[in-house]
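> Here is how the chains run, residue by residue.
There are 2 protein chains.
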Amino acid sequence: MNPEKLKIAILGGTGNIGEGIILRLALQNLMPEGVKNEIIIGSRSRETAEEAAKQALSELGNYGFDTSKIIITGNTNLEAAQAAEIIILTIRFDYVLPLLDEIGDAIENKILITPVVPMAKEGSLFVYKPPSEGSAALAIRKKVPQSTKVVAAFHNVPAGKLKDVVKCKAVYDTIICSDDAEAKKFVMELTRNMGCLKPLDGGPLNQANTVESLTPLLVNLAKLNGLKDLGINCS
Amino acid sequence: MNPEKLKIAILGGTGNIGEGIILRLALQNLMPEGVKNEIIIGSRSRETAEEAAKQALSELGNYGFDTSKIIITGNTNLEAAQAAEIIILTIRFDYVLPLLDEIGDAIENKILITPVVPMAKEGSLFVYKPPSEGSAALAIRKKVPQSTKVVAAFHNVPAGKLKDVVKCKAVYDTIICSDDAEAKKFVMELTRNMGCLKPLDGGPLNQANTVESLTPLLVNLAKLNGLKDLGINCS
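Residue numbers (the numbering used here), protein chains in the order written: chain A, 28 to 262; chain B, 28 to 262.
Honestly, I wouldn't trust all of these hints.
No copy is singled out in the list; a pair is fine if it fits within one copy or between any two copies.
[What the hints assert, rightly or not] Restricting the straight-line Cα-Cα distance to at most 27 Å, the calculated cross-link-like pairs of lysine-lysine (DSSO-like) are:
1) K196 <-> K225
2) K32 <-> K148
3) K212 <-> K250
4) K170 <-> K255
5) K225 <-> K32
6) K156 <-> K32
7) K96 <-> K170
8) K96 <-> K250
9) K96 <-> K190
10) K194 <-> K225
11) K137 <-> K96
12) K156 <-> K169
13) K212 <-> K148
14) K250 <-> K225
15) K96 <-> K81
Calculated from the structure, these hints are not laboratory results.
Turn these sequences into a full structure, and let the hints guide you.
Here it is in structure tokens:
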């Protein structure tokens, strides 16, 4: 895997943090270091994915970036996963396991990144609702081929700040967990180049439960304290 | 309860964050607003508590503060709890329930603050180990008289920074949970005056589990990333 020329699939990349991840990974192509990422948005329908790709390109163009050096395409989830070396799951937990069925062996030997947080609203606040495996990360680990390198990352990143690629100057910690040391290091480097994220080594995948549970906590803190778009800094 | 003249018991205040809490609450007496706190350190033995009180006073004196306006005394846990209006439990979870037996009804109608985090080391990392009630806060709630106002606070505060009352200029978030709105507000105000802490409303007491679980996460992040004395900022 050449870290300077990566095909990255963002499955379900049309909602929430998907958009910010797409824009920031695409913008790495404009860095002087000569990174050449190809971003493939995956969706159930190829048309929806192609439309999202066009929108992302046009958004970057509107910001004034030179989009001639940026490749963002759209495809079905399966074809996006087949084409890519790194797959990021930016979808709700309810849809994750069916999606993994859909893409089947296309993720053999690849890095699979999960920012997925199982949570539900109870009354006016959100509550973390991990599956019986202990976390979304561990449920995904159980479901995918043994050769797939599961990395948990990007859970606690404020979506609004992440997609604000021009104005957001803040830096948020993102805690990264994996049982594969090499894959974890790789994702930490990828993260470091995203502009507003500072990667922290969160240990093995079984540590991801606390990281996942931080997301409903941040949503609740925002609501209870009249704040918005909260992220984490472990200072 | 007069917020400008409080008797605050810090039970087991000889270890970890207890020391920082004692120093910072005592220093409120030097604020121009005329706060007059009396700090009572509680311990199993009166002598140990009195010794800790002497040490805290001498530490503040060595920093150059005018200790003539500061009252820090030591007593048994029971007598400290009886004398105080606010009781802070700065002890390990294993000792909390026996201690609550020891102080019995002395905490009727009072504010009881728990920064307690049940955790254990597994391999090289720490793991959150909540009791069957879901959190230390809820186990304490179940154990104490109905009239006691249980407030969860100060879990994620870096001990080293908290007791560094002169040099530490950083501000750390502390997430405060309680089912008693008035008590929560009171503790949030008390916290705001401690100099390096920013209180955030964390909602009801059943939200304390995630806040408690952040402490082992921070300890692990420090170890894994070569950092120390980590706290939280929800920015």
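> Evaluate each hint against the coordinates.
Okay, the hints, checked on the actual structure:
1. K196 <-> K225: both (12 Å within a copy, 22 Å between copies)
2. K32 <-> K148: For K32 and K148, the Cα distance exceeds 27 Å both inside one copy (40 Å) and across copies (41 Å).
3. K212 <-> K250: For K212 and K250, the Cα distance is within 27 Å only across copies (16 Å; inside one copy 34 Å).
4. K170 <-> K255: Classified as neither; 34 Å inside a copy, 36 Å across copies.
5. K225 <-> K32: Cα proximity of K225 and K32: one copy only (22 Å, versus 44 Å across).
6. K156 <-> K32: Neither, since 37 Å and 43 Å both go past 27 Å.
7. K96 <-> K170: neither (36 Å within a copy, 64 Å between copies)
8. K96 <-> K250: neither (40 Å within a copy, 40 Å between copies)
9. K96 <-> K190: within (19 Å within a copy, 52 Å between copies)
10. K194 <-> K225: Both: 17 Å inside a chain and 26 Å across chains, each within 27 Å.
11. K137 <-> K96: within (25 Å within a copy, 65 Å between copies)
12. K156 <-> K169: both (17 Å within a copy, 23 Å between copies)
13. K212 <-> K148: between (34 Å within a copy, 24 Å between copies)
14. K250 <-> K225: both (25 Å within a copy, 17 Å between copies)
15. K96 <-> K81: This pair counts as within: shortest intra-copy Cα distance 14 Å, inter-copy 68 Å.
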